[in-house]
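With chain A's structure known, arrange chain B on it following the hints.
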Amino acid sequence: GDSVTQMEGPVTLSEEAFLTINCTYTATGYPSLFWYVQYPGEGLQLLLKATKADDKGSNKGFEATYRKETTSFHLEKGSVQVSDSAVYFCALSDPWSRDDKIIFGKGTRLHILP
Amino acid sequence: EAGVTQSPTHLIKTRGQQATLRCSPISGHTSVYWYQQALGLGLQFLLWYDEGEERNRGNFPPRFSGRQFPNYSSELNVNALELEDSALYLCASSLGQGSYNEQFFGPGTRLTVL
Numbered sequence: 001g002d003s004v005t006q007m008e009g010p011v012t013l014s015e016e017a018f019l020t021i022n023c024t025y026t027a028t029g030y031p032s033l034f035w036y037v038q039y040p041g042e043g044l045q046l047l048l049k050a051t052k053a054d055d056k057g058s059n060k061g062f063e064a065t066y067r068k069e070t071t072s073f074h075l076e077k078g079s080v081q082v083s084d085s086a087v088y089f090c091a092l093s094d095p096w097s098r099d100d101k102i103i104f105g106k107g108t109r110l111h112i113l114p
Numbered sequence: 001e002a003g004v005t006q007s008p009t010h011l012i013k014t015r016g017q018q019a020t021l022r023c024s025p026i027s028g029h030t031s032v033y034w035y036q037q038a039l040g041l042g043l044q045f046l047l048w049y050d051e052g053e054e055r056n057r058g059n060f061p062p063r064f065s066g067r068q069f070p071n072y073s074s075e076l077n078v079n080a081l082e083l084e085d086s087a088l089y090l091c092a093s094s095l096g097q098g099s100y101n102e103q104f105f106g107p108g109t110r111l112t113v114l
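Which chain is which? The protein sequence lines are A and B, in order.
1 is the number of the first residue of the first sequence in this note's numbering; add one for each residue after it.
1 is the number of the first residue of the second sequence in this note's numbering; add one for each residue after it.
Just chain A, with the same shape it has in the complex (with noise of 0.2 Å):
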């Protein structure tokens, strides 16, 4: 079945820092892929996503590019904040399930130091 692999944490790094996180899928078709993020004590919140092959998503700064080749989605910042600590998950679904569901990675926590 379809899952995602994505780094396990926690990442810590210093303010101003380049973030990567890697996440690699599997999926039958042809997936959606998304990056969630997770603030302390709230729910998720859609980041970024990409909808088809080499698209890139982008919010806040971060981005991320649909690697059909490599199957990868991995996230980046160039220059992280405090404010960006916070749980982030990678996430697929497939537009031609019936399935209609999200399937997560197992998320990948980040600490950043100021």
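No lab work stands behind these hints, which were simulated from the structure alone.
These numbers were taken from a predicted model, which means no experiment stands behind them.
All C-beta atoms, glycine included, are put in the ideal place defined by N, C-alpha and C.
Among the hints, a few may not be true.
Stated by the list, open to error - If you anchor each label on the Cβ, the simulated ranges turn out as follows:
id, chain 1, residue 1, chain 2, residue 2, range
1, A, Lys-56, B, Arg-15, 46 to 56 Å
2, A, Leu-46, B, Ala-38, 14 to 24 Å
3, A, Ala-53, B, Gly-16, 43 to 53 Å
4, B, Arg-67, A, Ser-79, 42 to 52 Å
5, B, Leu-11, A, Ala-53, 39 to 49 Å
6, A, Arg-109, B, Gly-28, 26 to 36 Å
7, B, Ser-86, A, Thr-26, 21 to 31 Å
Relative to chain A, chain B alone:
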């Protein structure tokens, strides 16, 4: 516009009891999804309701059940609670069937089973 709301925020039960969790979707959304976020296990899909009908369920035992009301709000019931049911339960809503319809998440209900 109000987001997805969930109640209660926290719920403490003992083993064998029943728990009822509630979710109100964004106005105009007809689909409601339930996810379980257990420590170390990421987010697991539980149930999907659309237009009052259960459309899909994840790999959970039958003691996890729910319903969707005519106003599209939803209830998740967990019977015969077990210790491992302790988790954050997240509800999401969307405009309807189809993964291109973004799912918006509520803040969650934290269930603790003693």
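Hints, verified against the model:
1. Taking the beta carbon of each, Lys-56/A and Arg-15/B are about 48 Å apart, inside 46 to 56 Å as hinted.
2. For the pair Leu-46/A and Ala-38/B, the supplied restraint of 14 to 24 Å holds, since their beta-carbon distance comes to about 22 Å.
3. The supplied range of 43 to 53 Å is met by Ala-53/A and Gly-16/B, whose beta-carbon atoms lie about 50 Å from each other.
4. A hinted range of 42 to 52 Å for the beta carbons of Arg-67/B and Ser-79/A is consistent with their spacing of about 47 Å.
5. A hinted range of 39 to 49 Å for the beta carbons of Leu-11/B and Ala-53/A is consistent with their spacing of about 43 Å.
6. As the Cβ distance of Arg-109/A to Gly-28/B is approximately 34 Å, the hint placing it in 26 to 36 Å holds.
7. Between Ser-86/B and Thr-26/A the C-beta distance comes to about 29 Å, which sits within the given range of 21 to 31 Å.
Checked against the numbered hints above, the structure breaks none of them.
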